[in-house]
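Make the full structure from the sequences, and use the hints.
The listed protein sequences correspond, in order, to chains A, B and C. If you're matching positions, the first sequence starts at 59 in my numbering and goes up one per residue. If you're matching positions, the second sequence starts at 59 in my numbering and goes up one per residue. If you're matching positions, the third sequence starts at 59 in my numbering and goes up one per residue.
If you are wondering where the hints come from, they were derived from the structure by calculation, not from laboratory data. A couple of the hints might just be wrong.
What the hints assert, rightly or not - With a cut-off of at most 27 Å between alpha-carbon atoms, the simulated DSSO-like pairs for lysine-lysine come out as follows:
| id | chain 1 | residue 1 | chain 2 | residue 2 |
| --- | --- | --- | --- | --- |
| 1 | B | LYS401 | C | LYS357 |
| 2 | B | LYS202 | A | LYS406 |
| 3 | B | LYS262 | A | LYS401 |
| 4 | A | LYS346 | A | LYS357 |
| 5 | C | LYS357 | C | LYS401 |
| 6 | C | LYS262 | C | LYS346 |
| 7 | B | LYS377 | B | LYS406 |
| 8 | B | LYS262 | B | LYS346 |
| 9 | A | LYS346 | C | LYS401 |
| 10 | C | LYS202 | B | LYS406 |
| 11 | B | LYS357 | B | LYS346 |
| 12 | C | LYS346 | C | LYS357 |
| 13 | B | LYS262 | B | LYS406 |
| 14 | B | LYS401 | B | LYS353 |
| 15 | A | LYS262 | A | LYS357 |
| 16 | A | LYS202 | C | LYS406 |
| 17 | A | LYS401 | A | LYS262 |
| 18 | A | LYS353 | A | LYS401 |
As the list claims (entries may be wrong) - Cβ-Cβ distance ranges computed for the label pairs, FRET-style:
| id | chain 1 | residue 1 | chain 2 | residue 2 | range |
| --- | --- | --- | --- | --- | --- |
| 19 | C | ARG191 | B | ASP372 | 30 to 36 Å |
| 20 | B | GLN349 | A | HIS79 | 27 to 33 Å |
| 21 | A | LEU64 | C | GLN201 | 52 to 58 Å |
All values derive from a computational prediction rather than experimental measurement. We put the beta carbon where it would ideally sit given N, CA and C, even for glycine.
Chain by chain, the residues:
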Amino acid sequence: MKDISLDAKMRELETLGADLHNRDFLLTWEHTPAELRSILLTAQCLRALHDSERSVRAFDTGLAVSIFRDQSTRTRFSFASAATALGLSVSDLDETKSQIAHGETVRETAVMIAFLAEAIGIRDDIYLGEGNRYMREVAAALQKGYEQGVLSRRPAVVNLQCDLDHPTQTLADLLHLESRFGGLDGLRGRRFVISWAYSPSYGKPLSVPQGLIGLLPRFGMDVTLAYPEGYDLLPEIVDLAGKQAAAAGGAFRISHDMAEAFDGAEIVYPKSWAPMQVARRRTELLRKADQAGLKALEKECLDENARHASWQCDEALMKRTAAGSALYMHCLPADISGVSCEKGEVSKDVFERYRLETYREAAWKPFVIAALIYLTRVQNAPAALRRMVDSGTPRIR
Amino acid sequence: MKDISLDAKMRELETLGADLHNRDFLLTWEHTPAELRSILLTAQCLRALHDSERSVRAFDTGLAVSIFRDQSTRTRFSFASAATALGLSVSDLDETKSQIAHGETVRETAVMIAFLAEAIGIRDDIYLGEGNRYMREVAAALQKGYEQGVLSRRPAVVNLQCDLDHPTQTLADLLHLESRFGGLDGLRGRRFVISWAYSPSYGKPLSVPQGLIGLLPRFGMDVTLAYPEGYDLLPEIVDLAGKQAAAAGGAFRISHDMAEAFDGAEIVYPKSWAPMQVARRRTELLRKADQAGLKALEKECLDENARHASWQCDEALMKRTAAGSALYMHCLPADISGVSCEKGEVSKDVFERYRLETYREAAWKPFVIAALIYLTRVQNAPAALRRMVDSGTPRIR
Amino acid sequence: MKDISLDAKMRELETLGADLHNRDFLLTWEHTPAELRSILLTAQCLRALHDSERSVRAFDTGLAVSIFRDQSTRTRFSFASAATALGLSVSDLDETKSQIAHGETVRETAVMIAFLAEAIGIRDDIYLGEGNRYMREVAAALQKGYEQGVLSRRPAVVNLQCDLDHPTQTLADLLHLESRFGGLDGLRGRRFVISWAYSPSYGKPLSVPQGLIGLLPRFGMDVTLAYPEGYDLLPEIVDLAGKQAAAAGGAFRISHDMAEAFDGAEIVYPKSWAPMQVARRRTELLRKADQAGLKALEKECLDENARHASWQCDEALMKRTAAGSALYMHCLPADISGVSCEKGEVSKDVFERYRLETYREAAWKPFVIAALIYLTRVQNAPAALRRMVDSGTPRIR
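Spelled out as structure tokens, the structure:
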């Protein structure tokens, strides 16, 4: 039986004509809408095949390298799942996260791990001003190595979360939204709120809210960024969000009132983050290994957080959303009041109502990563994907 | 050339008609004799193929997840060997074993690691009352996730040792016995002794002796459980052993005299374990992280152990067994007197005589695990296995 | 299009008739020139295939075990890359390096990890007198296990660096030399200098210089070993180097003057190592866990090193080499003055000039390891390799 929906997606992918072959994927805003749509379509095709127990193996053999400069269970398993499904083996480069390696060491290590590698997935989200820069250092070393004939191929660098963006998360979020609102066209004009929320911890990365405002307005969504005054994101990304919204017919605005922001919202994404200024100070203190300074900063920030403890997504706030039933989203794990902490980002009843939805949101991430590896490494990806679909190789023999 | 023995096993497997597809494997006593026989036969078939350098790959791609909440070299390699042979890639979830995670965290993590997983192997044997419960929490979360459409398939949970049972070990033991006594029918009425033995450590899990008394009488064996008074196993499993023995025509009795138990025994399995009451107190102390209490408990228990230092399997005891030549078994590593400790579970000369036999016993474990993954994940496994045998794909090209 | 160079190498390999099947690879000097040439040719063939995006998968499934008793990024990735390219999955045995396991434990563990393994790669270079012995203990246990029917096959032990030799490094070095000097015949009579060089650390292994003098004179090279008096290598290997040089028409001499050694050299390999006597004392102290003794030894050795701080490969020294342009080599990472340390083995300008060359040198290592696994595990390897070349399976579908 022919899968009509899969076939339609294949044809759209062929029509788009986007080419990510031999490129990296570091920030969504470095890519055209056609490229982003190609990623979404490829993720959907790979998922449709996998869910129907067909093999999505693209590589007979090959290595996928992961570098996690921060602890991670979800992203680690998403990357391993994606690489494995494509036929790659994962090798993890275990760096001590305390050390911000640069220059010669990064350049040399990047080449040494890349001789037979297809893709290098990197998570480096702790140090503001460092994570994305590190990825570019790795990418530049690979490019040089390739141009000078040291590497026979150029592995792709895939951003698994940095200080600026978390593209595999936000593209998974976008796929979840697409599935909930009847396709990408169904997202135009939808009121989406990414709001700061209270957490009993401090220092969470800025990459998810920045990634969301940098991506969603480009698909015509009406995005509100809400946070208590002082909890600013990087100004260049806020600027970009506004410009991209204007260019794409989406909207972008900032609010400092969570309740007001929730009024009439169709999707809410309440999530804690550290103010940019705090992230900067923290990076400096970490660089100097100033333990006393870090302790003082933590206390100062938790006190400040406590002043905004009312920024919690509870039933009262949810009632203000469109028809009282906005879609709740989160990148997980959430700080759930009375479950994972005394008081957190979301009340227990709200989270429980949307728990399965957050799981469905997360389910897209392995396929986004697989799509990124596939599109950056496979030549003429739409044709190769068509061959994969036509072969219909079962995953289990 | 047709392998007659392999063909006979294939036909027996087809005749049994047992179906483990889409199920977990947590305790042997939750499975019918036909299911257990299917596992043994599948393990033998996979081993026959592998030993003759034919491929047993069943999956084109796929993920096998391992969760070890206790250190393990043997089981870790058995699981990796089994998964790899079937074509799966292993990803390890590294939990700090100090923390007994429950509830929301387990539920969420189970789903997050399972999106593309086929099997999740778990070892959790430290805390009496916890290990098997944890596995069931994981399994319940997967089942819910599957039923609610979050997971496109339901990965199997495989017990790699818990507080109650160690089924991959005891099924490997059973395969070893089968190979030594001319098939399963040759085991009926055989006198098997699982005996506590002295060790200079305390707190070893109860799962091996419990697993053995819960399994072997079901195959008609005459099983004696021997231990110094006070070193009790869980009463519900002891009860079960007696009932299962009666139902299957086997026998089960308890002795508090190692020498008397060895009289006329055909197989002996001397192994240390912690008394159930000690395991319970230890779990409480570990939960409270009561280091002083743990230290006091250890001293108390080692003193108690020392009172039973004569419970060592030496040549004098072995002379009392049937024809003075009972088969010695152990799950390894054994506490060998004069080798790995001053005084332990077995004398150096006895162990050395049976060293290779214990290796042969251990050799079955990877194939038991492979059989469990195969039967729980492959639809109509006997037919699929027949196709595998007929294809005769060489493992090395 | 037929690859003429690849075809020529295939034919030479077939002509050599060397057979490494079912053997280990522990020291280059235990192997005949024909065997070593077979390894070089196989590495070149595998690389030619891989670089042209053809698959070099030899195993449908299988396990490659790594044991690293010392930290390692490069060798770890080389081993993983090699195993993965051949179709094997890597499982790492994580031993605490503080413990020198021997006897029963090694014997048992070796068998337990080997039931389904094809190759076991071991790095154990910290303890002089221990590393190679440990590998032989593992190999002997595997051999016994195989002969006695415990193992259905005999996995190969591959030396990834020990206290005596570093064969995967030196064979990679030899391949690099071959590519730079127009084939192995182009190496005859070439003046090669392996020289001690200053480092602000002490205790680096002896295996690279020992491996180089034990290998290169056998290919007719004119090898000088230069070091300050007292920084001796193991006398039995120095003796062997002289004998092998004489037998093969190469040359071998010792100098205690770096500048004199560099005069007219065509290749220089300046690298720090610990004097044999220091390595012996260090092993004793590590065995006794004598922290104070280790600290005292370190201070004594760094003071001694400091007396030879002029042993640095800088532009002035390079000017003395043949045409002032000898090839600089290093196994990486190098101690680069002003980059990775204040003063080290090589000046910044010299290293920077040869940086890409050192990367090209390193690029051979994964293919050397792949060749070793291939030749020791695949029956009639030249014929199998011919089939692989003829099939031309693309690596990416």
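Numbers of unmet hints, in rising order: 1, 3, 20
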